[in-house]
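Chemist: Residue numbers (UniProt numbering), protein chains in the order written: chain A, 1 to 486; chain B, 1 to 486.
Calculated from the structure, these hints are not laboratory results.
Errors might be hidden in some of the hints.
Derived coverage of chain A by chain B (criterion: at least 3 residues anywhere in the stretch with Cβ under 8 Å from a Cβ of chain B; other residues may be distant) [stated by the list, open to error]:
id	segment
1	3-17
2	113-121
3	139-148
4	167-177
5	225-234
Here are some of the chain B residues that sit facing chain A, going by a computed Cβ distance under 8 Å [said to hold, decoys possible]:
id	residue
6	Val116
7	Pro119
8	Ser120
9	Ser175
Every residue gets a Cβ at the ideal spot worked out from N, C-alpha and C, and that includes glycine.
Number of protein chains: 2
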Amino acid sequence: MSRYLNLADTLGRRIEQGLYAAGSRLPSVRDLSAEYGVSLTTVQQAYRWLEMSGLLEARPRSGWYVPMTRSASALPRMGKPTLRPIDVSEWGQIQDLLDLEREEQPVQLGRGMPDVESPSLRPLQAALAREGRHAGIASLHYSDMQGVPALREQLSRLALDAGYQAAPDSLIVTSGCQEALSCAVRALCAPGDIVAIASPSYHGMMQILKETDVQAFEIPSDPVQGISLEALELALDRWPVKAILVIPNASNPLGYTMPEHRKRGLIRLAQRFDVPIIEDDIYGDLVYGWPRPHALKALDEDGRVLLCSSFSKTLAPGLRVGWIAPGRYFDKVLRMKYTGSGPTAPLPQIAVAEFLQKGHYPAHLRRMRRQYQRQRDVMTEWVRRAFPEGTRISHPQGGFTLWIELPESFDTHALDPMLRKNGILIAHGDIFSAAGKYRNCMRLSHAAVFTPRTEWAIRAMGAAIGELLDAPLSGPRHAETQTSAS
Amino acid sequence: MSRYLNLADTLGRRIEQGLYAAGSRLPSVRDLSAEYGVSLTTVQQAYRWLEMSGLLEARPRSGWYVPMTRSASALPRMGKPTLRPIDVSEWGQIQDLLDLEREEQPVQLGRGMPDVESPSLRPLQAALAREGRHAGIASLHYSDMQGVPALREQLSRLALDAGYQAAPDSLIVTSGCQEALSCAVRALCAPGDIVAIASPSYHGMMQILKETDVQAFEIPSDPVQGISLEALELALDRWPVKAILVIPNASNPLGYTMPEHRKRGLIRLAQRFDVPIIEDDIYGDLVYGWPRPHALKALDEDGRVLLCSSFSKTLAPGLRVGWIAPGRYFDKVLRMKYTGSGPTAPLPQIAVAEFLQKGHYPAHLRRMRRQYQRQRDVMTEWVRRAFPEGTRISHPQGGFTLWIELPESFDTHALDPMLRKNGILIAHGDIFSAAGKYRNCMRLSHAAVFTPRTEWAIRAMGAAIGELLDAPLSGPRHAETQTSAS
Ligand SMILES: Cc1ncc(COP(=O)(O)O)c(C=O)c1O
Ligand SMILES: Cc1ncc(COP(=O)(O)O)c(C=O)c1O
Chain A
1 MSRYLNLADT LGRRIEQGLY AAGSRLPSVR DLSAEYGVSL TTVQQAYRWL EMSGLLEARP
61 RSGWYVPMTR SASALPRMGK PTLRPIDVSE WGQIQDLLDL EREEQPVQLG RGMPDVESPS
121 LRPLQAALAR EGRHAGIASL HYSDMQGVPA LREQLSRLAL DAGYQAAPDS LIVTSGCQEA
181 LSCAVRALCA PGDIVAIASP SYHGMMQILK ETDVQAFEIP SDPVQGISLE ALELALDRWP
241 VKAILVIPNA SNPLGYTMPE HRKRGLIRLA QRFDVPIIED DIYGDLVYGW PRPHALKALD
301 EDGRVLLCSS FSKTLAPGLR VGWIAPGRYF DKVLRMKYTG SGPTAPLPQI AVAEFLQKGH
361 YPAHLRRMRR QYQRQRDVMT EWVRRAFPEG TRISHPQGGF TLWIELPESF DTHALDPMLR
421 KNGILIAHGD IFSAAGKYRN CMRLSHAAVF TPRTEWAIRA MGAAIGELLD APLSGPRHAE
481 TQTSAS
Chain B
1 MSRYLNLADT LGRRIEQGLY AAGSRLPSVR DLSAEYGVSL TTVQQAYRWL EMSGLLEARP
61 RSGWYVPMTR SASALPRMGK PTLRPIDVSE WGQIQDLLDL EREEQPVQLG RGMPDVESPS
121 LRPLQAALAR EGRHAGIASL HYSDMQGVPA LREQLSRLAL DAGYQAAPDS LIVTSGCQEA
181 LSCAVRALCA PGDIVAIASP SYHGMMQILK ETDVQAFEIP SDPVQGISLE ALELALDRWP
241 VKAILVIPNA SNPLGYTMPE HRKRGLIRLA QRFDVPIIED DIYGDLVYGW PRPHALKALD
301 EDGRVLLCSS FSKTLAPGLR VGWIAPGRYF DKVLRMKYTG SGPTAPLPQI AVAEFLQKGH
361 YPAHLRRMRR QYQRQRDVMT EWVRRAFPEG TRISHPQGGF TLWIELPESF DTHALDPMLR
421 KNGILIAHGD IFSAAGKYRN CMRLSHAAVF TPRTEWAIRA MGAAIGELLD APLSGPRHAE
481 TQTSAS
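Start from the sequences, fold in the hints, and give me the full structure.
Modeler: See below:
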């Protein structure tokens, strides 16, 4: 990481911890440069980065100050409870999302794609090359149906970090988390069955329900606490729910990590109504805080949690290496895996196992978490400045997506012509709902290292939304005034 | 290929074409060595190979002769028609088959696994290494949902060899043929629906039907002509069949390639009853004869054939690169693929595309087809000598599996203790049937280069079967007499 980002991280943490009080002046560039033994330019760059993140403001001819009132944007609101399970709505939009991918050089804010250009991934590339070169029986053969044993050994160790125990033989490697989720749903549900699902939730889950003809009972989720246990209890009480589908850690798209006591409450509910839980922990290793929060499965006493995950967000999605710890549903899930696609390709499994075994994973995660957290702050600030008043922004605890809520009357699909014209890709809110709710919301990814086009895209969207809302203009040139007003 | 195998191939073909009449003596080793400019040892090795394949016999102090009556074994019988669709039977055995895999150094005759140690695969390994080394965006990113475009270009060319046209954009890359089949079945059928399936058929298909709660209507198949059109017509006439599932080229396990006029008949039936056909063409490129037989899809006029295939038999199963040409069911199949496992891993796709694009595929296929055909002959002869009278053996037209039918009273599962003890893996006949028929049959793979243990395993099985049948003993020491008697 470059020097100035390091310094910005340190100072940023101090400001957030209140070591520099609101309204106070920070050391001069010269003093700080002496104190940390870095160049003047480095300090200036760090201060500018903190300004971009909304943590500092520059006063001409005076210096850098902690803003008096750090204008935090309001969090998104919790959705209204639904009254009944429903069939999942159309998938046309997902296709659009994928089709747009094909454009040349889009500004990709739509897809939950990690930054795969990080130098900390180099040992993985080396492992892939080595394994490709020696590709013999091991990587050309069908792998063990459950996955390459060396990888399952490593996954079993990772499980401990997430607070649960899983012997290598209790795990099944899958083609990404998507296959893990699909196997879990198909193992537990028949067409017509009902699944309770946190809302909003990852669109891939909604589409699994659709294609298996399973009905979704959307349970509203709080942007801090996660799935509403009250609404869930009501649903479980009144409907024959076959499974509960949740993303408790660094949830996609809202970014919350459920507090431990809420996780306990969720497990107790599941036990009381004797319902299995499908837990998606794909972002668990990308929670910014330390220690890593436990998986729901850590609280599981009777094998009712099916934990699904993959390396698609932590390493690279193209590996298609995921896994499932299916608890007591092992046999059925393995059958689904076997009939669905046979064993998973061994080559990437072997390479990932090597990367983990050689100890490259923790340093890589540290690096990525810092990058994603830093960029969360910067993108939040950009949105706060560029988007109209009344915009609500999530404050994710991990991962790399922001959830933006616009005034209720706004339809993000009204932006489509502008987005297409400018090659900007976003994820519209309604794909995260079975019922097509959240049309006034969007999810923006802040994974890839920002370029000037990233900021430009946010400003351009802000301006377009402002115009469409027929509200006070909030284009780039007005960012300053806009900021002080919001 | 070694010199003696080349010579054996040439002579073998002449014998089969009748250029050397039955009972006639072949040139002396010395003469042949002079004629072909090869060493005496080479000729001797070639003659011995032909003897092993049953094409020559040695007469002490006289020379090598074409046997008077080449005792062809009878072909397996066509199964009895079934009266109704049924639920597919248990999968416990499949698990056994996979578990046994884990043994050290088994004699693997059970799995449909190609020989991945062929030197003609080396360019593929090089491509994998190169791609691993440069693994950047392209191979770490999610690939295009339909699969890497460069691969689909190549697949579109291969389609022409199989007689059908498929634009790259009409194809979907899958994780092996298994995922292609699974997507096809799930796209066409709901639980409780009925599928007509050639019987016996690949066990993975039976298990897909089981896990999707689709009923199987088994249609008996002739070991030369393939699926019985008469029985199929009856089934279509009386039951609401949602799809027809067939392996028309080098079928697994029977090895037939349906004659062109039967293929036409099948298409006509499907049109008349307006039913889609799921065609598994995974062994199509491994048909021994020339030209390669057309896929059923070549005769398809209205997009009702969903062709499924992969490189698992032609290159290596560990690549997990398959594809589907889903005709008019494209949208639905793509959705199944997306929800089931997301896009397929790009790295192996890119490597395969390179292997194809550089023109390595035809030479590799030529080599493998010869190896598999040669070994078919040798294994057939071993079985003929070692197994009891009344044994029927398929005469496959491609691929690398033999189907062996024992007397009706025999249960191949009675062999299990002996197989376990000796580390011999076979595929029991009943996994190829939804109803658990064919318990008196087994499928033996002859892909991997034979070792002395291969022949030993066949003899040991033959002896054990003989004992179990309480029939005249047919152990190794009696092979000679047994042969002349059968
Ligand atoms: C919450 C969540 N689960 C699952 C997936 C699918 O992951 P994979 O690419 O490993 O199939 C994603 C990817 O976007 C996701 O965000
Ligand atoms: C006829 C047939 N179809 C499909 C498959 C599965 O192939 P893949 O390994 O490509 O999923 C096999 C493998 O045994 C097979 O024999």
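Chemist: Identify whether the interface hint at B/Val116 stands, where standing means a beta carbon of chain A within less than 8 Å of its own.
Modeler: 4 Å, holds
Chemist: Is the shortest C-beta separation between B/Ser175 and chain A less than 8 Å?
Modeler: 4 Å, holds
Chemist: Taking a Cβ-Cβ distance under 8 Å as contact, does the segment 113-121 of chain A have three or more residues in contact with chain B?
Modeler: holds (count 4)
Chemist: Would the hint on B/Ser120 stand, with a C-beta cut-off of 8 Å toward chain A?
Modeler: 13 Å, violated
Chemist: Are 3 or more residues of the segment 167-177 of chain A near chain B, judged by a Cβ distance of less than 8 Å?
Modeler: holds (count 3)
Chemist: At least three residues with a C-beta closer than 8 Å to a C-beta of chain B: is that true for the segment 225-234 of chain A?
Modeler: violated (count 0)
Chemist: Verify the coverage statement for the segment 3-17 of chain A against chain B, using a C-beta to C-beta distance below 8 Å and requiring 3 or more qualifying residues.
Modeler: violated (count 0)
Chemist: Three residues minimum, CB to CB under 8 Å: does the segment 139-148 of chain A make the cut for coverage by chain B? Let me know.
Modeler: holds (count 7)
Chemist: So, B/Pro119 near chain A? Judge it on the closest CB pair being under 8 Å.
Modeler: Nearest chain A Cβ about 12 Å off; hint violated.
This entry does not satisfy hints 1, 5, 7, 8, going by the numbered hints stated previously.
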